[in-house]
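K.L.:
Model the full assembly from the supplied sequences, consistent with the hints where possible.
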Amino acid sequence: MLSDYSSSDILNSEALQILRSLDNFQGKFLNELIEIFERDSPAVYDRLVLAIEKNTVTDAMRLAHKLKGMGANLGTERLSRVLEQIELDFTSFDEPTRKTLPTLIWDEYQAAVDALRTSWWAVSKAG
Amino acid sequence: MDTNARYTITLDDDASISRIIAQVTGIPSHGFATGESLMKKAGSMDPVAVFVDVHLEGNANGLDMIPELRKIYPFVPIIVQTSDPKDDLIGQALAIGANDFIRKPINPIELTGRLHARIQEMSARKKIDVMTIGDIEFSPSQSSVSKNGKVAYLPKLETQLLAILIEQRDLIASRDELKQRLWGRIAVSENTLDRKISDIRKALSEVGSLCVVQSHYRKGISLSYIAEEKKLG
Chain A
15 MLSDYSSSDI LNSEALQILR SLDNFQGKFL NELIEIFERD SPAVYDRLVL AIEKNTVTDA
75 MRLAHKLKGM GANLGTERLS RVLEQIELDF TSFDEPTRKT LPTLIWDEYQ AAVDALRTSW
135 WAVSKAG
Chain B
2 MDTNARYTIT LDDDASISRI IAQVTGIPSH GFATGESLMK KAGSMDPVAV FVDVHLEGNA
62 NGLDMIPELR KIYPFVPIIV QTSDPKDDLI GQALAIGAND FIRKPINPIE LTGRLHARIQ
122 EMSARKKIDV MTIGDIEFSP SQSSVSKNGK VAYLPKLETQ LLAILIEQRD LIASRDELKQ
182 RLWGRIAVSE NTLDRKISDI RKALSEVGSL CVVQSHYRKG ISLSYIAEEK KLG
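As they're listed, the protein sequences go chains A and B. The working numbering numbers the first residue of the first sequence as 15 and each following residue consecutively. The working numbering numbers the first residue of the second sequence as 2 and each following residue consecutively.
Keep in mind the hints are simulated off the structure, nothing from the lab. These numbers were taken from a predicted model, which means no experiment stands behind them. All C-beta atoms, glycine included, are put in the ideal place defined by N, C-alpha and C. Keep in mind that a hint or two might mislead.
Said to hold, decoys possible - These stretches of chain B come out as covered by chain A in the derived footprint (C-beta under 8 Å, 3 or more residues):
(1) 9-17
(2) 21-31
(3) 219-227
Stated by the list, open to error - To be clear about the criterion: a stretch of chain A counts as covered by chain B if any three or more of its residues have a C-beta under 8 Å from a C-beta of chain B, and this derived list gives those stretches:
(4) 40-50
(5) 77-90
P.N.:
Spelled out as structure tokens, the structure:
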């Protein structure tokens with residue numbers, strides 16, 4: 015079983031604020047990072063799902079770590095928490111739990127991307 | 002200093018990291034996704050710092066690159082970055098030649114603070130390392146002699162021999178003393194010492210130095226700077 019992560023915010027507002035400050039809140043830099051994330055992360059997600067489905071433990075843990083890191087740069091708090099559990103505890107999950115993981119990760123991934131886009135839009139509008 | 006020429010290197014399979022480092026430090030960062038791609042270019046690059054991620058594409062480990070990078074960049078800070086919660090990786094990185102580490106996600110204040118401290122530290126180390134004699138700079142740690150941008154490298158024993166000759170500059174060191182200091186109690190022939198001297202002469206000649214290693218019949222060897230003798234004469 016995954017431990018409860020739903021109480022976490024989708025995004026870490028402090029991390030986002032730091033990224034925004036790096037280009038004086040213009041939003042261009044944040045947008046660039048979101049684009050890199052949207053460009054590179056789907057391939058990692060696909061490989062992670064494949065590793066989970068094939069029960070390739072080492073790959074599943076390594077790819078969960080990688081996707082966690084990619085999102086953590088942007089403050090994807092809740093997605094990172096889910097992925098960290100896979101990274102550290104994948105071997106302890108029972109079969110029914112493992113089967114739910116691809117959908118769970120995808121839902122959190124989408125929620126994170128949507129929240130990032132909304133956040134960027136808010137910054138751009140303010141700028 | 003020409004800030005346009007300054008850059009860092011980032012070894013990380015996450016493309017956003019080199020962008021974040023560049024944005025935080027204010028200088029470009031050349032990103033490499035694999036150790037192989039970095040090592041192909043590293044010899045021709047002159048970065049102010051190198052950032053190395055631990056977990057790279059596939060099962061590659063960025064830490065494996067550190068000893069090789071340290072050889073290429075003896076005075077450039079190598080900073081390991083990781084989001085891995087295991088602390089032993091950091092200890093391992095420091096033990097094989099990294100100067101520092103930063104946690105991911107990157108905290109800009111931590112990054113700039115550590116980067117500046119390590120650049121200063123390595124710069125101070127470099128100053129101590131370089132000895133100037135006559136028209137050349139000699140670096141024992143890099144085993145190199147250089148003059149006006151030309152560099153020649155020496156093997157280990159030749160480096161030690163040149164250091165002794167510089168230490169005794171203009172004084173004649175007996176061949177027995179030199180052999181004793183280089184090989185200790187191991188008996189070596191005169192030819193062996195002569196070959197080392199010949200290699201040093203070759204290196205000095207390659208960089209166009211006016212420093213000469215002179216053999217003094219039945220006395221020994223000395224190193225002097227010809228330009229000074231001419232002035233005095």
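K.L.:
Hint by hint, say whether it matches the structure.
P.N.:
Outcome of the hint check:
For the region 9-17 of chain B, the proposed coverage by chain A is satisfied: 4 residues have a C-beta within less than 8 Å of a C-beta in that chain, meeting the threshold of three. Coverage of the region 21-31 of chain B by chain A holds. Counting CB-CB distances below 8 Å, 3 residues qualify, and the rule asks for three or more. With 0 residues having a Cβ less than 8 Å from any Cβ of chain A, the region 219-227 of chain B misses the three-residue criterion, and the hint is violated. Coverage of the region 40-50 of chain A by chain B holds. Counting CB-CB distances below 8 Å, 4 residues qualify, and the rule asks for three or more.
Only when three residues or more bring their CB closer than 8 Å to a CB of chain B does the claim for the region 77-90 of chain A stand; here the count is 9, and the claim holds.
This entry does not satisfy hint 3, going by the numbered hints stated previously; all others are met.
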